[in-house]
Each structure stands twice: as structure tokens, then as C-alpha cells.
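Undergrad: Sequence:
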Amino acid sequence: MALLDVSNLGISFGGLRAVDNFEIHIEQGQLYGLIGPNGAGKTTVFNMLTGVYKPDDGKIELDGKNITGKKTIEINQAGVARTFQNIRLFKELSVLDNVKVGLHNHHPYSTLEGIFRLPNYFKVEKEMDERALELLKVFDLDKEADFLASNLPYGKQRKLEIARALATQPKLLLLDEPAAGMNPNETKELMDTIRFVRDQFHMTILLIEHDMKLVSGICEELTVLNFGQILASGQTSQVLNDPQVIKAYLGE
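When the count follows the working numbering, it moves up by one through the sequence shown with no breaks and lands on 331 for the last residue.
These aren't lab readings, by the way, just hints derived from the structure by calculation. All figures in this text were calculated on a predicted structure; none of them were measured in a lab. We put the CB at the ideal spot given by N, CA and C, even for glycine. Check before you lean on any hint, since a few could be wrong.
Stated by the list, open to error - The calculated SDA-like cross-link candidates involving lysine to any residue, where the alpha carbons are at most 20 Å apart (straight line), are:
#1 K292 with Q248
#2 K179 with K250
#3 K202 with D219
#4 K170 with N87
#5 K138 with S91
#6 K267 with Q279
#7 K292 with P322
#8 K250 with Q107
#9 K179 with G158
#10 K150 with G118
#11 K292 with Q279
#12 K222 with E268
#13 K138 with G158
#14 K138 with N126
#15 K292 with N320
#16 K133 with Q109
#17 K205 with L182
#18 K235 with T266
#19 K205 with S229
#20 K170 with L82
#21 K267 with F306
#22 K133 with P116
#23 K202 with T247
#24 K235 with K202
#25 K222 with K202
#26 K150 with L293
#27 K326 with S312
#28 K170 with Q236
#29 K222 with P232
#30 K250 with L82
#31 K149 with K170
#32 K216 with Q236
#33 K133 with N87
Claimed, not checked - Pair by pair, the computed Cβ-Cβ distance ranges are:
#34 K205 with S86: 41 to 47 Å
#35 G94 with G143: 32 to 38 Å
#36 F226 with G143: 22 to 28 Å
#37 R167 with D271: 22 to 28 Å
#38 D208 with R167: 20 to 26 Å
#39 G108 with V131: 22 to 28 Å
#40 G94 with K222: 50 to 56 Å
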């Protein structure tokens, strides 16, 4: 059974069919790519998978559990985390506190314990500090733990967003164009980091990109979207040699 099993997913906006009959099946531990030109519907798919949009039809199953149409918080608690094309950090918080935000679901204390600073509050905060620092070390961000997130360089902000997503202990990590705005050196470093995350955390990753060359170097399987419909899907080498993909996506 696939970890993520999506079938016949579709949504319309104002009578326009934005995504139609989308399906994808991702096994545990895969690094899977979802590619297509700008406006192809990639982020719309992510928004349906994470509860930002409610699909008009179709089914989304995560690890055998139907999460179709659930609220974002419920989908996150079920095991789906994501990053965004436009980085969304709590920029007024420290690097450490950004990661701790993602840890709260798994290290709870009551409102009463927090208000009155009861012993369990300090115990939980200490555990979260330690776990957050562990994650920051993975991304070589531990030395900036006390920095404001807004003061990090762009590439490190990207890494922090991934670290915060991992703090929620997801089964599936969705990355929405994580290399957007990066220079070639930053992009190479990020791709190495994504591979490391998959291997170190045994993480299943679905990666959105429009840069086919970038995705082809990291993903084992690809699905290509064009105008909200699947153009091709399968092993990366096969998809890249599909005449439809070459014609519609590469413009050749």
C-alpha cells in the first residue's frame, strides 16, 4: 500500500477546471517530483493535499487514512507537512523558536501550566529546546539559534522552513519550489540537504519544481502536469524522454 494514494482529484474555480483527474501513488521513502510550467496546477494540488483547498472530487489517502477535505491542522496531525514557494517563517521569532513552533503538537503542556510556569512547563520547554537544537544542527543552523529568522540569509531561511516542517514529525514532506530564488551554489547545497533528509529521517518527499533539470537529478519518479492534467508519469528517465513532455514542456 502506498503511503500517499491520490485518485481522481479535481477542483474548479469560477467554472474553470484548475486540476482534473489527478492521481499519484507514492511509496514510503520515495523522493518524488511533481513538475510542470508555471500555472500548470502544481501548487493547487499541494493546497488540496494540505487542506488549503477542499477538492470538488476525488480521494486523498495517507497511510490508509482518508484525509480528503480535512482541515489543515487535522492533515498536519495526520502526518503531512509542507513548505511554501514564498518562504513563510515567523520572522519576529528566533531561529530556535521557529522550530519549537513545529514541536508543540508533540510536546504539549496545558494553558494553566504555561500561565503559572508550573514544573511541567519547564520540563517540556527544556525537551523542546534540546530537540530543536538537534534539528538545527542537521541543517547547520545551530550557531544561529538565537538570531531572528528575518536576519538569516535567504538560503538559510529555506533550510529553517524545512527544519520547522520536520519538527512536526511528518510521514510526508511536501516541498513547494524550495530552490526558488537561489543561486546555483545554494541550489546544489539544498538538493544535497533534501537527499540527506530523505536518508537520515527515512522521509517520504514530494517535490514541486518547474526546473526539469534540477528535479531529474534528485527524484526517482516524476509526474508532469500541464493545464491541470497529467501529461506523463513514471520513472524519471522514461518521463524525460516522453515525446509529449518534450513537446509541451520543453517547447521542442
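Undergrad: Hints broken by the structure, by number, lowest first?
TA: 1, 3, 4, 10, 11, 16, 19, 20, 21, 22, 24, 25, 26, 31 and 36
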